[in-house]
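Residues per chain, in single letters:
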Amino acid sequence: MFDELLLTVLLTSIPLILAATGELVVERSGVLNLGVEGMMLMGAVAAFGAASLFGSPYIGILSGGVAGMFVAAIFSLFVLGLATNQVATGLALTIFGTGLSGLIGAPLVGQAIEGLPALHLPILSGLPFIGVFFQLDILAYGAIVIVGLTSFFLMRSRPGLILRSVGINHDSAHALGYNVLRVRLYAILFGGFMAGLAGAYLPLVLTPHWAEGMTAGRGWIALALVVFASWQPWRVTIGAVLFGGVTIMQLAGQARGWPIPAQFLSMLPYLATIIVLVTIASRGHIALGAPAHLGKSFFITR
Amino acid sequence: MFVLEPRASVPLSLTLLVPVIAIVLTLIIGGLIFGFLGYNPIEALYEFFVAPLSRPDQIGNLLVKACPLIIIGTGLVFCYRANVWNIGAEGQLILGAMGAGWLALSFPEVQSPFFLAVMAGAAMLAGGLWGAIPALLKVRFRTNEILVSLMLTYVAALFLDWIVRGPWRDPMSFGFPLTKTYPDAGLIPALILPGIGRLGQLHWGVIFAFLIAIGGWFYLSRMLAGFQIKLMGDAPRAGRFAGFSQAKTTFAVLMISGALAGLAGMIEVSANIGQLQPHISFGYGFTAIIVAFLARLNPLAVIVAGLVIALAELGGDTAQISMGIPKVVTGIFKGILLFMLLAGETLTRYRLVRVSGIAGQGAAKTSKGGKANV
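Going down the list, the protein sequences come from chains P and D. First residue of the first sequence? That's 1 in this note's numbering, and the numbers climb one at a time after it. First residue of the second sequence? That's 1 in this note's numbering, and the numbers climb one at a time after it.
The reader is advised that the hints may include incorrect statements.
Unchecked claim - Below, a sample of chain D positions facing chain P; criterion: calculated Cβ distance under 8 Å:
| hint | residue |
| --- | --- |
| 1 | Leu-37 |
| 2 | Trp-85 |
| 3 | Gly-335 |
| 4 | Leu-338 |
Hints are computed from structural coordinates only; laboratory data are not their basis. Because the structure is a prediction, the values reported are computed rather than measured. A virtual CB, placed ideally from N, CA and C, is assigned to each residue, including glycine.
Could you build all of it, start to finish, from the sequences and the hints given here?
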């Protein structure tokens, strides 16, 4: 029973980890992309469609990532090319992605696909308690690897240093000769790919069918997680598992007939996000580690 | 290589032309997407934007759909002008509907013609207070109002869901999640046009929507408080030197937009539904964000923008029935329109200038000193 619960918590947290890690890199480069929800939905519908068409969930994973990257490219065209307001452009991306995924997915409603198989690692998966950590699918293992690589890239590598410097002060980075817009473009595309993977995880692992708007606000929770993690990749993982836990608690509560209405338990992830935002923000802006130029547009001038 | 160069002045023709061009481009791109996905683009555009208006009563329905969009959009203009990003109007709408609903369900015998006004007041109070939460957290803890207002929308929706299934459910509803119907005094009457009679679902709330937009325009453009809101959005430093308070402005705009969203919720229920149910709004709180932008943050233009977007919404309904595609597909048009408007915003304020080779990467090194960077 405990094993099952822990496994569900882990599986619920994987899409949050993927999307939040991508958004974290985007924000570190100084861009706020509020379109995570839309990119995830595009990833979800592309993954479902491809998996259903080709009969392979692995092609589904790739299609999901590429679809997310594709809509992220639209976002970068406006935000970088035309220096539009990032908040409003991100909202436009979410609305557009929700609509387009609904249109693409309309003929897919009611179909079923073969999900990603769980890969049980030999020996390790048989261990008591921690065994469930080794009974996941390839995308879940991949998510943990990506978090590690992202952390290394951002904090220990030279390109990561450049990316962070662009987010802290784009004018100084520009003066040093770095191409601010190119760095941000790569970051946004990476963020889109990750959001697409996160979306792909939903139909490929969690619920093997397509439904319009099936992300159900996970993209927004991923955005909050980046703040919760104070822009540190490993903390995203911790936050995502905590959120997964809260979500599952509500299901467990329903199953065991806790005397709390299901709706109140469903509120927990959203309330938890607000509480986290308050506790983090009250620690002060500098301790937070927010990129100083987050959300500011960059203009090349003569 | 292109760079953006600020324009010395923006010609009026450009200001007026941008929304028109944006709408035309949206229709073209939207049509292309439908064509690409194997639908007939002409048929799709027809179903979305022409078919909804093929009957006269549909004009009334268009106004009814535009009503909440205009009211909420006006409130959001206040927020966005002040550079405060309220995207939780949907939740404020729900709280407003519940505030008014509590009165209507608690006093079923009331017959006073003023009851509607009292309900409207309760709705504005409830919506305004729900909007005050992100304001309080932003001012006190510097939290991000985008995330807080959005999270509160989910909380509000779940709260409504619980209350209509639990404490407020009509025991005679055969298990359906519905409250009792409101008393007649709590219902907004249909608007009877002289010589025409009823026009679709047209009701009195629509008149108030127009009045609110006009009032909002007057407040923002003709009164000191409105100037303060715009100043704190455009130049907060200058505003502080002038003695205006950032905190008060944040509270004011979030409570105004919350109150208006709440009012829209009350009108929606009292005019169209007559009782509370789990879903009372078709995402009007989110759609109104586009309305505010299409109107270029001008409350008078919100009326036109509200009607344009309402047409797309109505089109979503027709297309759902005739083409069998989900209602969210309207989002394609709404999203592209917002993209185009934002691009237009940049191109009215800046000019795309072609520069030879040295811009971009090289510019910082080759041009004279610190002038290269702003």
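Taking the hints in turn, this is what the structure says about them:
no., hint, result
1, Leu-37, "6 Å, holds"
2, Trp-85, "6 Å, holds"
3, Gly-335, "3 Å, holds"
4, Leu-338, "4 Å, holds"
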